[in-house]
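2 protein chains.
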Amino acid sequence: MKIAILGFGTVGRGVYEILQRKETNDTAQLEAAHIFIRKGKEKTLSVMTDDLDVILEDPECRCVVEVMGGIEPAHTYILKALRKGKHVVTANKAVVAAHLEEFLETARQHQVQFRFEASCAGGIPWIRSLLQAKRIDAIHTISGIFNGTANYIIDQMVKKDLDFETALTQAQAAGYAEADPSADIDGIDTANKAMISASLAFDTICTRDFPIGGIRHLQKRDLQTFLQNGCSIRLMMEARKEEDRYAIAVVPTLIARDSLEANVPDNFNLTTLVGSTLGELKLYGQGAGALPTGNAVVSDLIAIARNEWDDAFVNHHLHYDASLLKGDYLLRENDRYQVYHDVTPQWMADRYREAMTGDAGAFWAKIPAKGE
Amino acid sequence: MKIAILGFGTVGRGVYEILQRKETNDTAQLEAAHIFIRKGKEKTLSVMTDDLDVILEDPECRCVVEVMGGIEPAHTYILKALRKGKHVVTANKAVVAAHLEEFLETARQHQVQFRFEASCAGGIPWIRSLLQAKRIDAIHTISGIFNGTANYIIDQMVKKDLDFETALTQAQAAGYAEADPSADIDGIDTANKAMISASLAFDTICTRDFPIGGIRHLQKRDLQTFLQNGCSIRLMMEARKEEDRYAIAVVPTLIARDSLEANVPDNFNLTTLVGSTLGELKLYGQGAGALPTGNAVVSDLIAIARNEWDDAFVNHHLHYDASLLKGDYLLRENDRYQVYHDVTPQWMADRYREAMTGDAGAFWAKIPAKGE
Chain R
-14 MKIAILGFGT
-4 VGRGVYEILQ
6 RKETNDTAQL
16 EAAHIFIRKG
26 KEKTLSVMTD
36 DLDVILEDPE
46 CRCVVEVMGG
56 IEPAHTYILK
66 ALRKGKHVVT
76 ANKAVVAAHL
86 EEFLETARQH
96 QVQFRFEASC
106 AGGIPWIRSL
116 LQAKRIDAIH
126 TISGIFNGTA
136 NYIIDQMVKK
146 DLDFETALTQ
156 AQAAGYAEAD
166 PSADIDGIDT
176 ANKAMISASL
186 AFDTICTRDF
196 PIGGIRHLQK
206 RDLQTFLQNG
216 CSIRLMMEAR
226 KEEDRYAIAV
236 VPTLIARDSL
246 EANVPDNFNL
256 TTLVGSTLGE
266 LKLYGQGAGA
276 LPTGNAVVSD
286 LIAIARNEWD
296 DAFVNHHLHY
306 DASLLKGDYL
316 LRENDRYQVY
326 HDVTPQWMAD
336 RYREAMTGDA
346 GAFWAKIPAK
356 GE
Chain D
-14 MKIAILGFGT
-4 VGRGVYEILQ
6 RKETNDTAQL
16 EAAHIFIRKG
26 KEKTLSVMTD
36 DLDVILEDPE
46 CRCVVEVMGG
56 IEPAHTYILK
66 ALRKGKHVVT
76 ANKAVVAAHL
86 EEFLETARQH
96 QVQFRFEASC
106 AGGIPWIRSL
116 LQAKRIDAIH
126 TISGIFNGTA
136 NYIIDQMVKK
146 DLDFETALTQ
156 AQAAGYAEAD
166 PSADIDGIDT
176 ANKAMISASL
186 AFDTICTRDF
196 PIGGIRHLQK
206 RDLQTFLQNG
216 CSIRLMMEAR
226 KEEDRYAIAV
236 VPTLIARDSL
246 EANVPDNFNL
256 TTLVGSTLGE
266 LKLYGQGAGA
276 LPTGNAVVSD
286 LIAIARNEWD
296 DAFVNHHLHY
306 DASLLKGDYL
316 LRENDRYQVY
326 HDVTPQWMAD
336 RYREAMTGDA
346 GAFWAKIPAK
356 GE
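Just so you know, the protein sequences line up as chains R and D, in that order. Going by our numbering, 344 is the number at position 359 of the first sequence; the sequence numbering is gapless. Going by our numbering, 11 is the number at position 26 of the second sequence; the sequence numbering is gapless.
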């Protein structure tokens, strides 16, 4: 199957390398016929072009891989490709979170596939696991660590007793954090993946108005306090469904030190789904990087080449009900910790914003319920 | 798709319950048309029969689920069903480990599928993950905790400071261990799953002559010693491949307390594969139980109903090379611990057998290499 790759950054190069290796029968049948690069960039490979129409008008090119990142022009290019009857595979969580319904609907109209395994949790086959679990079970809870940068920073803070700024600087030096780390440390990236995952898990289009917490104001003394109480902390997303209601939150979460989550090292991800007969299923792996993310893109390409259709329907329309994620939360404000019992993450996010007006160092987190 | 279930024990009932629930479109299309029970057993459901020919001669029954357990008559019935052109799904690790090549070859001849997701790690989609990872990558290492009973016993010993016998008795009372626990605590069950997993991962038929260790002689004082050294212990399998050589071992393994493996609670399983571009992928879930194992069986049925074919080829013929698993091992003999560096598990298993002739309480385990 001939494919086109739009964008040749980290993930695009990873996809190209895996296709060049031809390590298996399945990968040997995929050919990168076009690589779309920006006008003015040097064409270092003969398959490179800066003319999208060359790709759109090539009838032999059945599938377009979008790995440019960002909302535009990715959104426009994906729609153009789908409308030309080409399957689309993307690794771009921002554009999927923003336009999932439009992409799925356009793909359905043109009888092609829109796949996005690489948009959540990198190399972990998370989307596939969700869809395959849904063949049998109702999924009522998903959760997990979906941002490797935040995990790396926390893990370094715990293991090397660093403060946040030092850990962030080291993560930037190691290539795990970007120059502007906001999307990772403020929970935006995790929120994109939470929206995509919950939309699939619960068959609905989740909107963006759920509470999003981050780790920007996590201090060494917080960690020391948590560890003294037998807990570590991770930036987690959690989503629940009950009948026709759902809720999502992205919140720093205290967890027992002997939980799997508390022991996720470096920049790894750990994702969880709970099915009605399957029970708890957790997947751990590389959530980023050229080859793991490239691997996820290629797994989608192979599924398309094999004519395997997964059902990413988004039909039902659920209502957001913040009470589904009621729990116990902790707020550090003016050097004092206060615990709030049985409140919604929305309420806590509002309370936190108040606290932030007085003191730039406030921090909030979910804490385990008694007995957990 | 009409199916027949051979056997109505724990797993058979789990499969039947999931089909009766009809929670999804996929499960609603599966119908348990026959349930085969032993002669003399009471037929509590109208679909029950003690006549296998009723099933074999029913042209509408396209798929047979074997959940009787044991080698015979399961082996004979599976072959009969395949030769009648019926797909076969089994949860029976003993019969798959003993006859995998014959089953795959017979299925190939009759152009039907032979599937066995439920034979390894219960509800964890381990076989599917292995096969799908192999679409892209060479798999060079697999490992993991594949026996929930042994894990439950060790976890209870650690958390409640119990001796082995007390933990075993409690596991039996809780329904996690059988009256004769040998297969679980002596590593036989893990060895079956290791053979099946390694055969698929490495495209070869692995033979049974690899070293198999167990936890029968693990003592409270061993655990205390390990914990004082920052380690816990788990009964693990490990298999490696390099060029045309492979090795497998089932060995109690010391692991850092902050590893995921050391924090697997209760009777859960944790399985790992390492792919050339994917990196490390770990899956955690329920390794046993009616509904999780039934879920794995039903996932195979749905794949068959959807006409999805995974490639469980077993072609290459590799040589066993014990040196691939060389490492550092610990032996407790006459109350003294001794460490052996850079030896094969075979050599250690022999050394352990010698130690056992003198003292019934000897114990051996793999220890992390320096720097790990």
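In short, the hints are calculated from the structure, not lab data. Some clues are possibly wrong.
From chain D, some residues computed to sit far from chain R (all C-beta separations above 12 Å) [claimed, not checked]:
| id | residue |
| --- | --- |
| 1 | Lys119 |
| 2 | Arg120 |
| 3 | Thr151 |
| 4 | Gly279 |
| 5 | Ala290 |
The calculated label-pair distances, taken between Cβ atoms and stated as ranges, are [to be verified]:
| id | chain 1 | residue 1 | chain 2 | residue 2 | range |
| --- | --- | --- | --- | --- | --- |
| 6 | R | His95 | D | Gln155 | 57 to 63 Å |
| 7 | R | Gly215 | D | Asp251 | 40 to 46 Å |
| 8 | D | Met(-14) | R | Pro250 | 42 to 48 Å |
| 9 | D | Arg206 | R | Thr154 | 23 to 29 Å |
| 10 | R | His304 | D | Glu27 | 46 to 52 Å |
| 11 | R | Asp335 | D | Lys(-13) | 40 to 46 Å |
| 12 | R | Ser31 | D | Trp332 | 30 to 36 Å |
| 13 | R | Asp229 | D | Arg6 | 15 to 21 Å |
| 14 | D | Glu16 | R | Lys145 | 56 to 62 Å |
| 15 | R | Thr154 | D | Asn214 | 53 to 59 Å |
All C-beta atoms in this analysis are idealised placements derived from N, C-alpha and C, irrespective of residue type, glycine included.
Against the structure, the hints:
1. Lys119: Non-interface label on D/Lys119 violated, nearest chain R Cβ at 7 Å vs cutoff 12 Å.
2. Arg120: violated, 4 Å
3. Thr151: holds, 21 Å
4. Gly279: Given a closest Cβ separation of 7 Å, the condition is violated.
5. Ala290: Violated, since 10 Å does not exceed 12 Å.
6. R/His95 with D/Gln155: 57 to 63 Å: Given about 59 Å between the Cβ atoms, the range holds.
7. R/Gly215 with D/Asp251: 40 to 46 Å: violated, 19 Å
8. D/Met(-14) with R/Pro250: 42 to 48 Å: holds, 44 Å
9. D/Arg206 with R/Thr154: 23 to 29 Å: violated, 46 Å
10. R/His304 with D/Glu27: 46 to 52 Å: holds, 48 Å
11. R/Asp335 with D/Lys(-13): 40 to 46 Å: violated, 56 Å
12. R/Ser31 with D/Trp332: 30 to 36 Å: With a Cβ separation near 54 Å, R/Ser31 and D/Trp332 fall outside 30 to 36 Å, so the hint is violated.
13. R/Asp229 with D/Arg6: 15 to 21 Å: Given a distance of about 20 Å, which is inside 15 to 21 Å, the answer is holds.
14. D/Glu16 with R/Lys145: 56 to 62 Å: Since the Cβ atoms of D/Glu16 and R/Lys145 sit about 58 Å apart, the hinted range of 56 to 62 Å holds.
15. R/Thr154 with D/Asn214: 53 to 59 Å: Violated, at about 34 Å.
Against the hints set out earlier in the document, violations occur for numbers 1, 2, 4, 5, 7, 9, 11, 12, 15.
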